[in-house]
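Q: Protein chains in written order, with UniProt numbering: chain G, 1 to 275; chain P, 1 to 510.
Read the hints as simulated data drawn from the structure, not as lab findings.
Idealized CB from N, CA, C, for every residue including glycine.
Errors might be hidden in some of the hints.
[What the hints assert, rightly or not] Below 16 Å or equal to it, Euclidean Cα-Cα: the simulated EDC-like pairs (lysine to aspartate or glutamate) are: (1) Lys24(G) - Glu267(P); (2) Lys52(G) - Glu215(P); (3) Lys164(G) - Glu260(G); (4) Lys344(P) - Glu389(P); (5) Lys95(G) - Asp183(G); (6) Lys456(P) - Asp438(P); (7) Lys275(G) - Glu127(G); (8) Lys52(G) - Glu389(P); (9) Lys52(G) - Glu125(P); (10) Lys159(G) - Glu127(G); (11) Lys52(G) - Asp441(P); (12) Lys275(G) - Glu179(G); (13) Lys95(G) - Glu179(G); (14) Lys95(P) - Glu125(P); (15) Lys52(G) - Asp22(G).
[Unchecked claim] Taking beta-carbon pairs under 8 Å as the criterion, some of the chain G residues facing chain P (in silico): (16) Pro25; (17) Thr48; (18) Gly51; (19) Val54; (20) Pro56; (21) Ala80; (22) Gln85; (23) Ala126; (24) Glu207; (25) Leu211; (26) Lys219; (27) Tyr237.
[Claimed, not checked] Stretch-level coverage of chain P by chain G, calculated; a stretch enters the list once three of its residues show a Cβ under 8 Å from a Cβ in chain G: (28) 60 to 67; (29) 70 to 84; (30) 286 to 299.
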Amino acid sequence: MNRPPAITQLRGTGDIGTLTLDWKPVSWATVVDHYAVYVAEPGATTYTLLGKTVYPHFVHRGLGFTGVTRSYRVVTVDAAGNRSQVSRSVAAANKTSVTISGQPIARVGFYDGKGSELALSPKGYAEYPTRFPSDVDYTYGTSVPSVDWSYLFPGPADKWAGTKNHTVTFRFDLTAVPEQDLDLALWLIDSHASIPGSAVLSVNGAEVGRLAFANGATKGSTIADTTYPGSPLKPSYLETPLSKALFRTGQNVIELVKDEGSWIAYDAFGVYARK
Amino acid sequence: MPPPPTRRTFLQLSGLSAAAVAIGVAAPAGADAAPGRPVPSGAFALGVASGDPRTDGFVLWTRLAPTPLATDGHGGMPSDPVPVQYEVAEDSQFKRVVRRGLAIATPELAHAVHPEVRGLRPDREYFYRFRAGSELSPVGRTKTLPVQGSQFTFATASCQAWYHGYFAAHRDIARRAPDAVFFLGDYIYEYGIVAGDNLWREGVSVGPEHGVEIETLEQYRLRYSLFKTDPDLQAAHAAAPWFLVWDDHEVQNNYGADNSLYGIPPELFVHRRAVAYRAFYENVPVALDSLPHGPDGQLYRRYDIGSLARVHLLDTRQYRDPLPVDEADRVSEQRTIMGAKQEKWLYDGLRHSPATWNVVAGGVVLSAITDDRTEQWDGYPANRSRVLEAMGQAGTAVMLTGDIHRHVASELKLDFANPDSRTVGVELVCSSVGSNGDGTDTDQYAQDWLQHPYVKLYNARRGYVHSTLTRTEMTTEFVNFPYIQADANAEPRVVASFRTPADDPRLEAL
């Protein structure tokens, strides 16, 4: 048996709920059937098959919200069925969510894979123009999620919401300027499959950047639950640091302007302090 | 009994490099025709085929797979190389054998062999069979192209979604045994096959390994095996030589060049294309020239049928520009569905064609239908104009396409925007063999097509097309079937017939 070469330059990049592996593929001189990806859980000495891919790229999904360091390695399987020696292994961890590591300051909804506690959920988007003629303006502590926070945040590509930009405004109080940076946790149960687009993020009138949304499955406009087996939704998790210099004592305002693409569907939205 | 030779000792004994043997076309001189260990029984479960016919020969094909649906894609074959003998005879009893040869089936090519037979007589029926160890294949019938022929019959077929129905079309093509079959793409589909969803072929079930979109070589191989277990498909292969082109589903829905419609970046997608092209080569009777190298496959090619017809087989997937971003892009002179090199090759081949007919086979519809059908030539109007102009300088064009799962007959206008412009040929669009299930005679898309004076037929049932070329005319039958989902036994119906004079191309209803 002629062993095909093993892959090189295996590396792992953690995100919330996922760990992405990339490597340098073998040259075209080897006709590859697939790469077999193996994982060892922490403390384990045995590797188990995680999946097969033809790409020099693999995403380990469903890893939860607490970072865990696992070991990965890859075997090349060629067109004849011959298997390479195992590649060098790499240890990498998924990220810990700020919803686990941080202290909530203000939030809307539960970080639970469901959007059902929010207004118009699960499929009332057609009422958005009449229920939210001036978009969402939510004050933490007085507003009510099931009334004042629309489950969908439309974009300019959505005819049902007027084919225009939309804004969501989130107000919350701080009793003191934070000593460390804060974190925004924006979890989605789903988004548009091809044009989820992006939104401009501002804090207290200062623009801090653009949030790009991951492609979803275009199902979250009518289905609220990502957690049942076979749910067609494609959830995603956006967490981004916010400099402490942006904040002040008293009321603070976070604003998102969706000026690109179609809708996103919320799981929850919140601001966290670091412990 | 001595132990069977290992692969390494086999190659040392043969004195050939692994690469030379691995291509499955021939065997080293003096190679032993006896396998190192017994070949599993039922090794020819995927049948036999011939293709890429010439005036003096053709390619033969088989793939050893005693357990076609083994999930590793190797068909139940052990990983040894296996010598496969073939015989070509003038009679179906093999009393007048004219060629015998040996090719080595290797696991690198999923134990497929593609021996190329040359030096035969033109315009003649031949019969062939294979032997591996004590296993004997079914007999195939094939035919060389004529040199001085005055008549040539062919069928066209495409889009054989196995899970949507039975292959009555292939059953009937096998019965008619034309001189050649043109298969115009979508030989397999990459989608997961799921009962209660897209599995409409009644009375069958598939395991979960078929329920996911295919991506790896073992999955593409398994998908070919699943489709090729169909007895009517095997019968059509065994009845006539095939000319094959591919369309999108041999790789992924609506892909173009290295662009996936589903967000897979080009630098990743080329790895998918590489295994998909590999599995295509392994499973169909095409010549060694079409063996892909990495992500690149050479599939456009040309054959002459004497001075009667020149056959141009196109690849309208591998070199196409991405979908247009706007109208200015769509109508840009620079846009190409063929790539510059293939365009030049086609125009040279058309302008220098000595033939009465130029048969051009491609995956997607050439005729102008609507500006939003950007997956077909409507997305590449400048390239279409260049093709029509070259067709106008040669013998009458017969464009053969599929893709749309509908029968359509259209006259090819030099300028589709001007109904009074010259007709340079005709386009015969064959419906699907299986895709979209039973179908109906008409549907909501009919008006898009029939609004044009040059479109003479639209029918939305499943079927195939059969044509006869002579020096003076082509007659064409569009054949469909009342149903395909329940079983393979539906009776064929001729839904329309046309006559096309060679010196005055048009579709004259018969």
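Q: If a hint holds in the structure, say so; if it doesn't, say that too.
A: Evaluation of the provided hints:
Distance restraint check for Lys24(G) and Glu267(P): the Cα-Cα separation of roughly 11 Å lies within the 16 Å cut-off, and the hinted pair is therefore satisfied. Under the criterion of a C-alpha separation no larger than 16 Å, the hint pairing Lys52(G) with Glu215(P) is consistent with the structure, at around 9 Å. Between Lys164(G) and Glu260(G) the CA atoms are separated by roughly 9 Å; this keeps the pair inside 16 Å, and the hint holds. Distance hint between Lys344(P) and Glu389(P) is fulfilled; the C-alpha atoms sit about 13 Å from each other, no more than 16 Å.
The straight-line distance between the Cα atoms of Lys95(G) and Asp183(G) is roughly 14 Å, inside the 16 Å bound, and the hint therefore holds. Straight-line distance between C-alpha atoms of Lys456(P) and Asp438(P) comes to about 22 Å, which puts the hinted pair past the 16 Å bound. Note on Lys275(G) and Glu127(G): the hinted pairing is violated, with a Cα-Cα distance of about 40 Å set against a maximum of 16 Å. With a C-alpha separation of about 48 Å, the suggested pair Lys52(G) and Glu389(P) falls outside the 16 Å cut-off, and the hint is violated.
Among the hinted pairs, Lys52(G) with Glu125(P) is inconsistent with the structure: their alpha-carbon atoms are about 46 Å apart, more than 16 Å. Proximity of Lys159(G) to Glu127(G) is assessed by CA-CA distance (about 13 Å); at most 16 Å being required, the pair is judged to hold. A C-alpha spacing of about 43 Å is found between Lys52(G) and Asp441(P), which places the hinted pair above 16 Å, so the restraint is violated. As the CA atoms of Lys275(G) and Glu179(G) are separated by approximately 11 Å, the hinted pair is consistent with the 16 Å bound.
Between Lys95(G) and Glu179(G) the alpha-carbon distance is near 23 Å, which puts this suggested pair outside the 16 Å criterion. At most 16 Å may separate the alpha-carbon atoms for a hinted pair to count; Lys95(P) and Glu125(P) meet this at roughly 14 Å. Distance hint between Lys52(G) and Asp22(G) is fulfilled; the C-alpha atoms sit about 13 Å from each other, no more than 16 Å. A hinted interface residue such as Pro25(G) counts as satisfied when its beta carbon comes closer than 8 Å to some beta carbon of chain P; here the least separation is about 7 Å, so the hint holds.
Taken as an interface hint, Thr48(G) does not check out: its beta carbon lies about 18 Å from the nearest beta carbon of chain P, beyond 8 Å. Hint status for Gly51(G) relative to chain P: violated, with the closest Cβ pair at about 10 Å, above 8 Å. Interface restraint check for Val54(G): the shortest CB-CB distance to chain P comes to about 5 Å, inside 8 Å, so the restraint holds. A least Cβ separation of about 7 Å between Pro56(G) and chain P falls short of the 8 Å threshold, and the interface hint therefore holds.
Because the smallest distance between the Cβ of Ala80(G) and any Cβ of chain P comes to about 4 Å, under 8 Å, the interface hint for this residue holds. Below 8 Å, beta-carbon pairs count as interface contacts, and Gln85(G) has none with chain P, the closest being about 18 Å; its hint is therefore violated. Hint on Ala126(G) is violated. Least Cβ distance to chain P is approximately 26 Å, over the 8 Å limit. Below 8 Å, beta-carbon pairs count as interface contacts, and Glu207(G) has none with chain P, the closest being about 28 Å; its hint is therefore violated.
Hint on Leu211(G) is violated. Least Cβ distance to chain P is approximately 19 Å, over the 8 Å limit. Interface restraint check for Lys219(G): the shortest CB-CB distance to chain P comes to about 16 Å, outside 8 Å, so the restraint is violated. This hint is violated: Tyr237(G) has a C-beta 18 Å from the nearest C-beta of chain P, more than the 8 Å allowed. Here's how the stretch 60 to 67 of chain P fares: 0 of its residues keep a CB closer than 8 Å to some CB of chain G, so the rule of at least three is not met and the hint is violated.
Chain G is given as covering the stretch 70 to 84 of chain P, and this holds because 4 residues of the stretch bring a CB closer than 8 Å to a CB of that chain, at least three being needed. Coverage of the stretch 286 to 299 of chain P by chain G holds in this model, with 3 residues showing a Cβ closer than 8 Å to a Cβ of that chain against a need of three.
Going through the hint list in order, the structure does not satisfy hints 6, 7, 8, 9, 11, 13, 17, 18, 22, 23, 24, 25, 26, 27, 28.
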